[in-house]
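Number of protein chains: 2
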Amino acid sequence: MKQADQIIHARWVIPCEDLSILENHALIIEKGKIIDLLPSPEAEKTYSAPLIEHFSTHALTPGFVNTHTHIGMNLFRGLADDLALMDWLNHHIWPAERAWVSHELVYDASLLAAAEMIRGGTTCFNEMFFFLQATAQAADQAGLRGKIGITVIDFPTAWAKSMDEYLDKGLGFYEEYKNHERLGCTMAPHAIYTVAENTLTKIQRFAEKYRLRINMHVQETADEVRQSLAQTQKRPLRRLQDIGMVTPDLIAVHMTQIDEEDLEIVRQGKPQVVHCPESNMKLASGSSPVQTFRSLGLNVALGTDGAASNNDLDMIGEMRAAAFLAKLSTQNPQTLSAGETLQMATLNGAKALGLEQITGSLRVGKAADFIAIQLDEIETQPLYHPVSQIVYATSRQQVSDVWVAGKRLMKNRELLTLDERELLRKTKEWQQKIKVNQA
Amino acid sequence: MKQADQIIHARWVIPCEDLSILENHALIIEKGKIIDLLPSPEAEKTYSAPLIEHFSTHALTPGFVNTHTHIGMNLFRGLADDLALMDWLNHHIWPAERAWVSHELVYDASLLAAAEMIRGGTTCFNEMFFFLQATAQAADQAGLRGKIGITVIDFPTAWAKSMDEYLDKGLGFYEEYKNHERLGCTMAPHAIYTVAENTLTKIQRFAEKYRLRINMHVQETADEVRQSLAQTQKRPLRRLQDIGMVTPDLIAVHMTQIDEEDLEIVRQGKPQVVHCPESNMKLASGSSPVQTFRSLGLNVALGTDGAASNNDLDMIGEMRAAAFLAKLSTQNPQTLSAGETLQMATLNGAKALGLEQITGSLRVGKAADFIAIQLDEIETQPLYHPVSQIVYATSRQQVSDVWVAGKRLMKNRELLTLDERELLRKTKEWQQKIKVNQA
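These protein sequences, in sequence, are chains A and B.
Letter 374 of the first sequence, counting from 1, is numbered 1091 in the working numbering, and no numbers are missing.
Letter 268 of the second sequence, counting from 1, is numbered 985 in the working numbering, and no numbers are missing.
Okay, chain A solo, but in the shape it has when bound (with noise of 0.2 Å):
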C-alpha cells in the first residue's frame, strides 16, 4: 500500500479538464496536491492513509476561480441599487468609500467576502481595489488564493495620492507577497477613462520588469467607447493595442462593447476575457459576445464583480446567468453547455491568472484546490446529469466542503478558518457607521 495525507471518496468527480464525468472515484492527497484520481475500488487497494472520507451523495469539482472582484467594498453590498452608474457612483459608492476606505474596513471587508466565498465553493479569487495588505491578510488567514491587483487610478484615493505612491506600495506589495505560496499580483489600472496612456505605459513597464499580468476593466460599458472616441479617435482596445498591451498577459474584464475592429485586435492580441454577465445585466453595461471570443480562440474566464454593485460573490449563480445570457444572446439554446460553463468558472480562471499549473482542475500534480457540492437535496433531485444539475439547478448553500492545496476550509457547512459570528458582528458595527455617514 501507498501512503498519502488524504483520501477522498465521492459518488462523481468532476476534473473539469475536459467535460468527462467520473463516478465513485477517489481523489488521492499528499502535501496539498494531487497525487492521484482513480475509481475508489482501486484506491482503496492501492493507498492508505489517515484521513480517508466518503461523499457518497455529492460531486466534487475544482473550487470555484472568481476572476474579477472588488472584495474590499465588500461592506458596501446593496448600499444603492437600481441607479444609473454615475449616480450610483458620484452620490453613493464614492462618498461611502471618501468617508470610510481604510486598512481597517478593507481588512473587515475582505474577511467577510472571503467567508461568503467559501461558502459559495470560490477557493481563487482576482482582485482590483486598494490596501493591498488589508486584502492579502485576510485572504492569508482564510486560506484563500488569490491574485491581488496592484490598483492605479489617476486621482487620490484613501490609498495613495499620486502615481507614484500607487506604483510605490505596489512595489513594497509585490516584495512582500512574491514568495507567497497562495498569493500574488497584477497590475491593476482602473480602465482607459482613470488612468492615463502614459500612467499605462509606465505600468506596462512595471508588469514586464516584474512578470506581472494587467488586470483591467476594458470597454465595460457605452460610455467608455463614446468618450474614447470623443477624446482620441480610438476607440480602448485600439488605444490599448497601440501602446502593445493587447497580450495573452492582459486580464480584460466585462468587453461587452465589441466591434469589428476590436474582434480582429483580440484575435491577434488574444487576451484573457473575463466574463461578468449579472454586473453587466444588472448595471444595463450590455452583454459581452461570449461565444465569439470563444470561437476566436480567446479564453473567456467568470467573475462576479463587487458585492457593492452585484450584489454577491456567487459563482454558481454567475455560472447560471452566464450561461442563460450566452443562450439568448445567440438565439442558440445549445451555446455555453453546462460543462464548458464549468470549465469558464474553473479551469478558464486559472489559465486567465496564469495558475493553470497550479489550480483550476482535478489533475495530478495541481494543488488540491477542490469542493464537494451535496446533490440529495429536493432542489437537485432527481438527477439526471451532475454537471447540468450543478449548473442549472443547485444553489450555492449545497457546497458542503472546500479545501485548498489540500487543507479543509469549510466541512459540512463549517468554517475551520473564519470566525463567523465574530464577522456578522463586526460587519454590523461597520454598516452602522456607514449608514449614519449616508445619511
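Hints in this document: simulated from the structure, not taken from any laboratory.
Since the structure is predicted, the reported quantities are computational estimates derived from the model, not experimental observations.
Treat the hints with care, since some could be wrong.
If chains are identical, the list can't say which one is meant, so a pair holds when it fits in one copy or spans any two.
Each computed DSS-like pair below joins lysine-lysine, with the alpha-carbon atoms no more than 30 Å apart [what the hints assert, rightly or not]:
no.: 1; residue 1: Lys-1128; residue 2: Lys-1143
no.: 2; residue 1: Lys-1145; residue 2: Lys-1128
no.: 3; residue 1: Lys-1145; residue 2: Lys-919
no.: 4; residue 1: Lys-719; residue 2: Lys-1145
no.: 5; residue 1: Lys-951; residue 2: Lys-1128
no.: 6; residue 1: Lys-1128; residue 2: Lys-750
no.: 7; residue 1: Lys-878; residue 2: Lys-926
no.: 8; residue 1: Lys-1124; residue 2: Lys-719
no.: 9; residue 1: Lys-895; residue 2: Lys-1124
Position chain B relative to chain A; hints supplied.
Frame of chain A, contents of chain B only:
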C-alpha cells in the same frame, strides 16, 4: 386585550401593497386571515394569542405566486439540457411523457415540486399539465394554494384521447374542486400551434360558462409566430383577438415575440402577462418587453416555468433574472427596481389569477399567506435595504418559515406537511425507472 390565534413579530414586514417597508411590526392572524398589521409595541398592548413568535432577524413578505408551472413534470428535471426545443421535445421529453406520465407519476412529481416550492417560499402556483386530480391531491396535502389548468392539446396523451375527453375530464375536475378553499382551476389550451381555433372557441365558451380564466402559452418563440403567419397570415395574438380571447381573463404566458400590432392588441385587451425570464433565456426564446407592457397598464406576473426546462422552481432566482434582464434589455439600470420585482412575484401573480382579494399581499382581510426570510447570514450582510437584499443577494435557502391561510407549512426549514426523506426515496425510485427507459 383582543384575542387572536397568532401574533408574528418581525424585524421587517414588507406588505407588497405598495413599495413600503415596515420595521418592527406584527401580523395578527385569526382563522387563517390577517386581521391586523401594526407596530410591535402596539401589538403587544392590543392583542393576546396562544401563539406569539418573534422573527428578529427576518423579513416577512407575502408568499411568492409562481404564475407558470408544470409541476407534474418535476421528475423530468434535468433529463436533457442545452438542446434545441424540438430535439428536446421529440427525443427526450415526449418519449419520457409517453412512457411514464400517469396519475402516480404526476402525484409524486407534484409532491416533490410542492416540497421545492414551499422550501423556496412559494405559497401559490398556476399549473398546466395533465392528471389534474393527482396535482390537486398533492397540493392539498402540502397545504398550498393554486390554480390547476384544465389542459387541452390537440393530440392524445395518457390523460385524454380527444378534445371531448379533455373537456369532460376538466368538467369533472371543476365540479370536484369548485368549492375547495385553496384550489381552483383555469382553462389551459396549451398553445395556438397545438390547439385548433374551433377548439379554442369551445374552450372560451366553457371558460365563460364556468367563469374561469384562460391560461395559455402565447408567442413564446419566433417559430410559433412564423408558423402562425405561414398558416393564417396572422400572428397568434391577432388570431386570439379575432375570437375574442384577448381580455383580462387571458393569462398570456411568455410573450417574448412582440411587435407594434401585438402591442396595440394587448393595449386594448389588457390580458394578464406572465414573464418567465429564465426559461426564455435558457431555451433562447427571447426577451419579453416587460417594461413596455407595464407602461401600457398591463399586469405582469412572474413564473418559473417547469423544472424540466428551467430547471428549478426558485422564485427568488426568477426575480433576480427578471430585474437583470429588464435592465439589460432597456439599457437602463433603473428599470424594474427591486421593490417592483418583489411585487411582480407576489401581488401581480395574485392579480393574474384573479386572487388579489385573497392573497398576494399582507393586507387586513386577506389570507395569511406569507413567509419569513432569514437575512442574518454572511451572504446578506451588511443590510442597508431589505428588499434590495432579498432580490439581489438572498438565496431561496434563506426562506425559513412558510404559512398558507395561517397554517405553518415550514418551520425553521423543516417541512410540516410533507415527508422529505420519503420524497427523496420515491424520487430516486422514479429516476431509476425513467433513466432505464431513456437509455
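Quick rundown of the hints versus the structure:
no.	hint	in the structure
1	Lys-1128 <-> Lys-1143	both (23 Å within a copy, 29 Å between copies)
2	Lys-1145 <-> Lys-1128	both (25 Å within a copy, 26 Å between copies)
3	Lys-1145 <-> Lys-919	neither (41 Å within a copy, 61 Å between copies)
4	Lys-719 <-> Lys-1145	neither (50 Å within a copy, 37 Å between copies)
5	Lys-951 <-> Lys-1128	neither (52 Å within a copy, 60 Å between copies)
6	Lys-1128 <-> Lys-750	within (19 Å within a copy, 43 Å between copies)
7	Lys-878 <-> Lys-926	within (24 Å within a copy, 76 Å between copies)
8	Lys-1124 <-> Lys-719	within (21 Å within a copy, 58 Å between copies)
9	Lys-895 <-> Lys-1124	within (21 Å within a copy, 60 Å between copies)
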